[in-house]
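K.L.:
Given next are the chains, with one letter for each unit.
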Amino acid sequence: MESGKLIEMYRTMKLIRLIEQRINDEYKYDEIKTPIHLSIGQEAVAAGVCINLRKDDYIFGTHRSHAQYIAKGGDIKKMFAELYLRKTGCARGRGGSMHLMDRDVGILGSSAIVGGSIPLGTGTALASKLMGNDRVTVVFFGDGAADEGTFHESLNFAALKKLPVVYVCENNFYAINSHQRARHANDNISKWAQNYGMPGFRIDGNDVLEVAEYAERAIARCRSGEGPTLIECLTYRWKGHIGTVDDVGEGYRPKEEYDYWISRCPIKRFSEFLRDNGVLTDELENSIDEEIKQLIEEAFDFAQNSPKPSPDELMDFVYAD
Amino acid sequence: MPWTTIQVEKLDNFFIKGDSAGDRVMTYRDALHEAFDQSLARDPRVFIMGEGVDDVAGVFGTTKGLKEKYGAERVFDTPIAENSLTGIAAGAAMAGLRPVLVHARMDFLLLSLDQLVNHAAKWCYMFGGQVTVPMVVRTISARGWGSGAQHSQCIQGMLMNVPGLKIVAPATPYDAKGLMISAIIDNNPVLFVEHRWLHKTTGHVPEELYSIPIGKGVIRREGDDITIVGISYMLVEALKAAEKLQEAGISAEVVDLRSLKPFDEELLIKSVEKTGRLIIADTGSKTGSVASEIAAFAAEKAFHLLKKPVKRVCCPDTPTPTSDVLEKAFYPTDNDIFNEAVKLVKE
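Chains A and B are the protein sequences, given in the same order. Take the first sequence: its letters are residues 15 to 335, numbered as in the numbering used here. Take the second sequence: its letters are residues 130 to 476, numbered as in the numbering used here.
One or more hints might be untrue.
Short, incomplete list of chain B residues facing chain A, as computed with Cβ under 8 Å [what the hints assert, rightly or not]: (1) Asn212; (2) Trp252; (3) Gly352.
Straight-line C-alpha distance at most 25 Å; calculated DSS-like pairs for lysine-lysine [as the list claims (entries may be wrong)]: (4) A/Lys176 <-> B/Lys196; (5) B/Lys436 <-> B/Lys373; (6) A/Lys19 <-> A/Lys91; (7) B/Lys475 <-> B/Lys440; (8) A/Lys282 <-> A/Lys307; (9) B/Lys440 <-> A/Lys176.
FRET-style restraints, in silico, Cβ to Cβ [to be verified]: (10) A/Leu174 <-> B/Tyr339: 33 to 39 Å; (11) A/Gly163 <-> B/Glu429: 36 to 42 Å; (12) A/Arg197 <-> B/Thr416: 34 to 40 Å; (13) A/Ile21 <-> B/Asp184: 53 to 59 Å; (14) A/Arg237 <-> B/Lys415: 53 to 59 Å.
Just so you know, the hints here were simulated from the structure itself, not pulled from any lab data. Even glycine gets a Cβ: it sits at the ideal position worked out from N, Cα and C.
Please work from the sequences and hints to get the whole structure.
P.N.:
Right, dumping it as structure tokens:
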């Protein structure tokens with residue numbers, strides 16, 4: 015991969031990390047009045063997949079979708095304004111953190127129902143096929159969504175119709191506090207895909223280069239009409255399921271498990287790789303951090319100074335004209 | 130031959146008079162077929178999917194031959210996965226297409242409520258109107274011949290409680306065609322409620338493409354003494370009852386709302402203003418029915434116009450029995466409407 019793209023992925027991961035850390039820090043002031051689900055530690059998945067997508071490709075996400083929105087190029091100011099539930103937000107203050115969207119870059123929304131967006135992304139892929147264009151859809155979801163019927167029904171349909179969709183399972187092992195072992199008899203999310211009639215891979219989701227490589231192949235398969243792929247990315251969420259809580263060592267998650275995954279931080283690993291290969295220097299890292307910090311400041315200012323919806327707008331948008 | 134056809138074949142072919150001008154007579158089923166045929170021809174974004182839409186029977190004849198005419202990409206059979214198919218239709222709609230999804234029984238619609246209620250119906254509001262979901266979900270209710278508890282439900286009342294969903298329930302061939310075309314061109318998810326016993330109803334249907342505004346009802350029969358609202362197939366029973374009532378010296382006005390959500394409030398108030406009495410006949414179970422919603426509306430907005438309490442003629446709050454004896458006791462008919470009307474007018 016050319017160095018420009020490597021740096022772009024690095025910047026995306028840093029942007030996700032710093033934005034989510036800022037949200038984490040601001041949340042205690044109680045002005046972000048929407049449930050937040052942070053994905054700190056999982057940045058490589060969104061960054062590695064989206065580097066391969068065009069602006070007009072579609073993505074669908076979940077309740078935990080800040081990262082995908084950012085990686086796909088969603089407007090950062092509008093994202094913060096949405097977190098602050100302002101009229102200038104990407105969903106006009108109607109959606110909040112769990113429902114980010116940016117039509118201009120192919121983000122048609124995300125669902126807060128586990129597995130809910132899997133059929134929707136399968137549907138946009140069906141539209142691409144019926145309309146004869148080469149737009150690809152990527153659906154992001156967690157291991158919890160593999161428990162749902164929508165996962166199985168949609169994979170079957172996509173394989174049957176050879177739809178241009180890539181299913182990206184961010185397997186962070188936990189559905190809230192319930193471990194995958196408590197929900198599945200076998201270790202088989204990627205194998206399910208194979209049985210439905212599509213390639214299924216299980217990869218290191220904390221290795222952005224591996225994610226990018228598999229995503230590139232899957233997306234190319236879609237564009238050439240060969241049908242869907244599932245990529246199961248093993249990763250780990252550092253924070254608790256919701257809000258800013260840390261739930262390690264409180265009877266929820268073992269400290270050793272957490273420490274292991276911290277040591278496998280996707281950003282640390284990638285920046286070491288970039289430094290070893292002479293792509294990243296102190297100077298470049300500092301300038302990227304500075305640029306991101308400024309972007310975040312501007313977005314926060316924009317959000318906090320934006321108007322909230324007024325009560326007389328309550329009934330707007332129930333129906334489209 | 131699908132077994133329910135046996136029952137439907139036994140029915141009278143009820144003819145709807147004065148439905149529209151012209152002398153072109155057609156069944157409800159063929160009117161729907163014509164709506165699909167003309168919509169597929171007119172708009173390349175329209176496609177039809179669902180269990181059996183491309184087989185030889187073609188969903189009771191309503192989609193027969195359309196695959197041959199428009200291709201397997203636009204009219205196709207699907208796996209039996211109601212919920213995801215609803216979401217797949219919604220996703221295709223978000224991307225700019227106009228899907229029509231078919232459930233051959235309304236009971237199967239219940240499997241799809243997550244995608245219909247949590248997703249399709251809410252998407253426009255949740256994203257501030259920036260993404261629309263123009264899709265049609267067709268559901269067909271059956272009745273009789275032992276259809277039983279899981280093949281004959283009429284749950285339109287339950288769906289009235291879903292913000293963002295439009296619901297239409299045409300009872301005549303003219304309305305079936307016009308409202309299907311309206312549902313397809315509407316930019317929202319529209320639930321299209323059909324009843325198996327209406328498929329053989331005949332009436333006048335113009336050949337050209339036309340639409341009927343969603344939310345506009347009509348007076349099917351003018352009268353002065355009592356207003357009878359007939360929902361879906363119960364319109365036929367209401368018209369039969371009105372005929373008998375006339376012989377008994379009671380002049381009944383029959384209102385066909387056609388659209389259930391939104392429904393024509395103005396038309397209803399106008400009729401009640403004239404008659405002062407209201408019966409609502411619905412195909413579903415009584416509690417939480419469309420009849421209940423209309424009765425509540427009348428209590429809120431037309432209480433001062435009513436001379437007598439509002440009456441609901443619905444199925445009882447039991448699952449549909451399969452026994453032919455119990456089935457007979459379960460379903461309300463024109464006689465039940467007649468008896469209630471006599472009580473309201475004469476007592």
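K.L.:
Work down the list of hints and note, for each, if the structure agrees.
P.N.:
Status of each hint after checking the structure:
no. : hint                              : result
1   : Asn212                            : 6 Å, holds
2   : Trp252                            : 6 Å, holds
3   : Gly352                            : 33 Å, violated
4   : A/Lys176 <-> B/Lys196             : 20 Å, holds
5   : B/Lys436 <-> B/Lys373             : 22 Å, holds
6   : A/Lys19 <-> A/Lys91               : 24 Å, holds
7   : B/Lys475 <-> B/Lys440             : 15 Å, holds
8   : A/Lys282 <-> A/Lys307             : 19 Å, holds
9   : B/Lys440 <-> A/Lys176             : 54 Å, violated
10  : A/Leu174 <-> B/Tyr339: 33 to 39 Å : 37 Å, holds
11  : A/Gly163 <-> B/Glu429: 36 to 42 Å : 40 Å, holds
12  : A/Arg197 <-> B/Thr416: 34 to 40 Å : 37 Å, holds
13  : A/Ile21 <-> B/Asp184: 53 to 59 Å  : 56 Å, holds
14  : A/Arg237 <-> B/Lys415: 53 to 59 Å : 55 Å, holds
Hints 3 and 9 from the earlier list are contradicted by this structure; the remaining hints agree with it.
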